[in-house]
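If you read the protein sequences in the order shown, they are chains B and H. Following this note's numbering, the numbering of the first sequence begins with 500 at its first residue and continues without gaps. Following this note's numbering, the numbering of the second sequence begins with 500 at its first residue and continues without gaps.
FYI, nobody ran anything at the bench for these hints, they're computed from the structure. Just so you know, not all the hints are guaranteed correct.
Same chains, same label: a pair holds when it works inside one copy or across any pair of copies.
As the list claims (entries may be wrong) - Derived lysine to aspartate or glutamate pairs resembling DMTMM-like cross-links, with alpha carbons at most 25 Å apart:
#1 K551 to D518
#2 K562 to D581
#3 K587 to D561
#4 K523 to E558
#5 K540 to E558
#6 K587 to E564
#7 K571 to E506
One-letter residues, chain by chain:
Number of protein chains: 2
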Amino acid sequence: MIYNVMEQIMIDLFDEYRDRLGMKCTCSRCQSDVLALALNKTPPRYISQQDKAAYVKAEFVDKQEMTTLLVKLAECSKIVSDQPYCRKSGVAENSVPYLYR
Amino acid sequence: MIYNVMEQIMIDLFDEYRDRLGMKCTCSRCQSDVLALALNKTPPRYISQQDKAAYVKAEFVDKQEMTTLLVKLAECSKIVSDQPYCRKSGVAENSVPYLYR
């Protein structure tokens, strides 16, 4: 089995700062869109043994590295807030958003 | 929930060509190491709705795109074959391989 450790790092950071990112909508679809977009802007760190995730996480204890990820989350929150694709937004459900380009 | 569509694309490609990649060891650890390394060299394509994976997969029907991924798999098969970290290789189990740099 393989795991991209950046997924969990980004999810944890998002959970911590979600309320301060100025998202217009915080439904599960919009939250997932922010996470997916931010991860698409972040080099992946796949590993083959889940119990070794700490080796990668240790690199992100560094404040500068975390700030870089947080900036990505803020940028992606703005993109999704400016053009949301959730049901509340009224966009046709079968429309193809930026993630699938 | 979020998914990196490249994971399934790479796994499918690996399943198809595994026997022709010249891997010295094909244990599950070595196979996972090849996949993890190859995905670390590939820009992720996260999506927020699994049923939309086809939009991303459609881009990789293109032969040139698939060839690029196959070249990455071949390079990573060589890296893992040259320096395997599985039990058979005799490397100490707690050694830290290239994936956790």
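Please work out whether the CA atoms of K523 and E558 approach to 25 Å or closer within one copy, between two copies, in both situations, or in neither?
The answer is neither: 32 Å in one copy and 32 Å across copies each exceed 25 Å.
Please work out whether the CA atoms of K562 and D581 approach to 25 Å or closer within one copy, between two copies, in both situations, or in neither?
neither (28 Å within a copy, 36 Å between copies)
Go through the copies and call it for K551 and D518: within, between, both or neither, with a Cα cutoff of 25 Å.
For K551 and D518, the Cα distance exceeds 25 Å both inside one copy (30 Å) and across copies (28 Å).
How do K540 and E558 come out at 25 Å by Cα distance, when the copy is not named: within, between, both, or neither?
both (18 Å within a copy, 19 Å between copies)
Copy assignment of K571 with E506, given that the CA separation must stay at most 25 Å
The answer is both: 13 Å in one copy and 22 Å across copies each meet 25 Å.
Reference check for the pair K587 and D561, CA-CA at most 25 Å: within, between, both, or neither?
neither (38 Å within a copy, 36 Å between copies)
Up to 25 Å between alpha-carbons, please classify K587 paired with E564: within, between, both or neither.
neither (34 Å within a copy, 36 Å between copies)
Hint check: violations occur at hints 1, 2, 3, 4 and 6; the rest are consistent with the structure.
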